[in-house]
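Enquirer: Quick mapping for you: the protein sequence lines, in order, are chains A and B.
Its first residue numbered 0, the first sequence is counted upward by one per residue in numbering that gives the first Met the number 0.
Its first residue numbered 0, the second sequence is counted upward by one per residue in numbering that gives the first Met the number 0.
Hints are not guaranteed to be accurate.
[As the list claims (entries may be wrong)] Some but not every residue of chain B turned toward chain A, in silico, with C-beta under 7 Å:
1. LEU12
2. GLY21
3. ILE23
4. GLN28
5. TYR43
6. ALA47
7. LEU62
8. VAL66
9. ALA70
10. ALA71
11. ARG73
12. LEU74
13. ASN77
14. GLU79
15. ARG82
16. ALA85
Worth flagging that the hints you see were computed from the coordinates, not collected in a lab.
Please read these numbers as outputs of a predicted model, since none were measured by experiment.
Virtual Cβ for every residue (Gly too), placed ideally from N, Cα, C.
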Amino acid sequence: MAPSTADSDVLAVQRGDQDAFAALLSRYQNRLYRYLLRLVHDPTAADDVFQQTWMRVLENIRRYDPGRSFDAWLFAIARNVAIDHLRRRQPGSLDELLEDGRPLPAGLSAAAPGAFELVLHTERAVLVRQALASQPPLFREILSLRFEEEMKLEEISEVLGIPLGSVKSRLSRALEHLRTVCLRMQLEAGTS
Amino acid sequence: MTEHDRIMEHLPLSGDGDIAPGEIRRLQQHLAVCEQCRQANEDYAFLADTLRSLPTPQPSAELLARVRAMAAARLAQNQESSREAALLAPLVVASWAVALATWPWLRAAGTCVFTGWHLPGGSVSTALAAYSIIGILMAGVAAIAVIRRAAAIGRMQ
């Protein structure tokens with residue numbers, strides 16, 4: 000079977016081909032930058048991490064196994080660089096990055112129905128964007144990988160280095176949390 | 000845990016086929032009779048659609064230019080390291096070959112030159128063997144040092 004364009008570019012980069020690197024960068028630049036921005040949530044930091052990621056890719060490109068998914072390999076490297084950055088900025092366990100620490104308003108639970116039923120369709124996208132921005136980093140990350148990058152759960156498992164069951168559980172919690180935050184924002188907007 | 004609670008737990012993953020096929024039918028049966036779960040299911044579907052259609056932020060042209068420039072330097076250095084490695088390997092092998100090939104001659108020459116010498120703790124042949132081993136080890140250490148230096152320069156860049 001003939002290698003895909005991305006695969007042949009990667010093989011060419013392994014041989015030191017600068018044009019192939021330019022092609023690879025062009026192919027992944029927007030997706031990678033979006034993922035990093037979702038994760039570190041700061042454009043300046045995202046710029047630094049983006050640059051460091053590509054340098055790390057070039058340092059390790061000879062060790063890349065063409066039998067693996069390049070997407071998963073690239074995003075796993077990006078994730079490691081971003082997590083190092085987040086740890087420097089906010090020392091502590093990664094689990095802390097999962098919680099935003101804000102209690103839900105009284106009477107509001109994650110299982111409450113109708114988060115969007117009172118909001119006009121055009122306003123919903125704005126609401127979701129704001130709610131996403133307020134999510135803990137690891138929730139933003141998994142939502143971005145699943146819905147923006149359209150990765151399969153198995154690929155996400157490879158990127159995050161966690162079992163498939165943990166991916167499902169984290170994705171489920173992230174969606175539930177996002178919905179709850181949307182509901183809370185809607186409630187707060189209604190009472191202000 | 001009630002059936003309703005269990006379904007609520009599975010709902011976030013149901014919209015994208017991320018639950019087991021056996022669960023789907025069970026879920027659909029419950030949604031047909033539970034307004035709360037049906038509403039939540041619609042919310043999750045809407046969230047998934049909205050997340051997919053969010054605008055994609057773009058890296059700046061300056062950032063991309065910077066990455067390309069650094070990559071060009073790094074790739075050139077990778078090629079230089081490859082050439083060094085390709086040169087070093089034959090050098091180390093050659094030093095071994097020369098040491099082995101000259102060993103009988105060195106031994107014979109050493110025996111002539113050092114006849115009558117009484118080296119402390121061993122014979123002339125032991126001294127020559129030690130000399131060869133030290134030479135080979137030094138060549139090996141030098142090769143490793145060159146490779147590590149190249150790697151360190153790469154990391155700094």
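Enquirer: Take the hints in turn and mark each one as holding or not.
Expert: Each hint, compared with the structure:
1. A distance limit of 7 Å between C-beta atoms decides the matter here; for B/LEU12 the minimum to chain A is near 5 Å, and the interface restraint holds.
2. For B/GLY21, the suggested interface contact is broken, since its CB lies about 15 Å from the closest CB of chain A, more than 7 Å.
3. Restraint check, B/ILE23 versus chain A: the minimum CB separation of about 15 Å is more than 7 Å; hint violated.
4. Against a cut-off of 7 Å between C-beta atoms, the interface hint on B/GLN28 is violated, since the closest Cβ of chain A lies about 19 Å away.
5. The restraint placing B/TYR43 at the interface with chain A holds, with a minimum CB-CB distance near 6 Å, inside the 7 Å limit.
6. Hint status for B/ALA47: holds, given a least beta-carbon distance of 6 Å to chain A, under 7 Å.
7. Given the 7 Å rule on beta carbons, the hint for B/LEU62 holds: about 5 Å separates it from the nearest Cβ of chain A.
8. Among the interface hints, the one on B/VAL66 holds; its C-beta lies about 5 Å from the nearest C-beta in chain A, closer than the 7 Å criterion.
9. Given hint, B/ALA70 at the interface with chain A, holds; its Cβ is 5 Å from that chain's nearest Cβ, closer than 7 Å.
10. With a least beta-carbon distance of about 6 Å to chain A, the hint placing B/ALA71 at the interface is held under the 7 Å criterion.
11. The interface hint given for B/ARG73 holds, since its Cβ lies 4 Å from the closest Cβ of chain A, which is under the 7 Å cut-off.
12. The beta carbon of B/LEU74 is positioned within 7 Å of a beta carbon in chain A (closest approach about 5 Å), and the interface hint is therefore held.
13. For B/ASN77, the shortest C-beta to C-beta distance to chain A is roughly 6 Å, which falls under 7 Å, so the interface hint holds.
14. Proximity of B/GLU79 to chain A is violated relative to the hint, the smallest CB-CB distance being about 9 Å (cut-off 7 Å).
15. Against a cut-off of 7 Å between C-beta atoms, the interface hint on B/ARG82 is violated, since the closest Cβ of chain A lies about 10 Å away.
16. Annotation: interface hint on B/ALA85 violated; nearest CB of chain A at approximately 13 Å, more than 7 Å.
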